[in-house]
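Novice: Sequence:
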Amino acid sequence: MILLRKLLFPFAILYGFIISLRNYLYDKGIFKSYTFDIPVIVVGNLSVGGTGKTPQIEYLIRLLSPKYKVATLSRGYKRKSVGFVLADKNATAETLGDEPFQYFQKFPQIQVAVDADRCNGITQLLNQKEKPEVILLDDAYQHRRVKAGFYILLTSYDDLFCDDFILPTGNLREGRSGAKRADMIIVTKCPPEITQLAQENIRRRIGFDVPLFFSCIEYDEKVYNQNGSLEVCELKSAAKVIVAGIAKPQPFFDYLKSQNDDVMVFSDHHYFSESDILNIKNRAGDKIIVTTEKDFVRLQAVILKAQLYYLPIKSKLISNRETFDQIILDYVGTCSGNR
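Numbering (numbering that gives the first Met the number 0) for the sequence shown: 0 to 338.
Derived by calculation from the structure, the hints in this document are not laboratory data. Incorrect hints may appear among the rest.
[Unchecked claim] Computed Cβ-Cβ distance ranges for the label pairs, DEER-style:
1) 320 x 82: 21 to 27 angstroms
2) 320 x 126: 34 to 40 angstroms
3) 320 x 157: 18 to 24 angstroms
Just so it is clear, the structure is predicted and the values come from calculations on it, not from any experiment. Yeah, the Cβ is synthetic: ideal placement off N, Cα and C, and Gly gets one too.
Input sequences plus hints: build the corresponding full structure.
Specialist: If you want it as structure tokens, here you go:
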């Protein structure tokens, strides 16, 4: 695979040129960007997948929803619907996509919408009877037709964008210079015990003069299903099947796994077919099945409620949480439109 990526280097140069030209045309106003008279926060990345956008969006929902009417707008990756969809009582993972449906189930106080055309999605949200007061755009860092008011760029601790290269040789959707659009950078999935020296080293390597924060994934002490919960410390000693269809699932497995567990790995946003479901059920027998929260929203309708559990996660800022929160609250509180 590494050799193939090196052989594809000329295509990476061509792709990088095309993306750079596109960004230049947006920067110069030749391609039109649209602004909206409402605070719009983008959470995204330069690389493909696995940087922790979902827990970061959820962090912002918890921060903002007690004070403001919040809406999330996502593309709705791998959903079976088209166009603009606003979540209601009939919503499913198939109509919204797994991550938006997860937001909808966890945060009934907010509006959850999907639309591949973010401009149309925002317009539709603002035409609702109950208009949002702030919109969170999920995975829209490269969606230049919307000029948001605040950009949060995520990069994984073990796969920093400053050490990567553009697709297909590397994993970047656009060149490293795309980070200049960020108002804030968060290094995600850090070791909880990361030292100040390590943080300063990363700060120097990234190089951009914007607020930089470090976060880790915080796993819940319990797994849950629709009937109740189990303590993880008790669950670890029980024989079980662990299922994950997410990018970079190893930390999830490490947190739950014991020696006799059966681990089943699927691709990110995997659509579980009938044969997949049958295989999971056969391998589990009467054992407990534990999966990620994102996978749970797709599996809960097809596996016994008493057998299937999920493990919640949160994004936790390692330091300077008050500063982070204040930056976000100041932007939303003082913004009457986008820059």
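Novice: Hint by hint, say whether it matches the structure.
Specialist: A quick look at each hint next to the structure:
1. The hinted window of 21 to 27 angstroms between residue 320 and residue 82 is violated, with their beta carbons roughly 38 angstroms apart.
2. The hinted range of 34 to 40 angstroms is satisfied by residue 320 and residue 126, whose Cβ atoms lie roughly 36 angstroms apart.
3. For the pair residue 320 and residue 157, the beta carbons lie near 22 angstroms from each other, so the given range of 18 to 24 angstroms is met.
Checked against the numbered hints given earlier, this structure breaks only hint 1.
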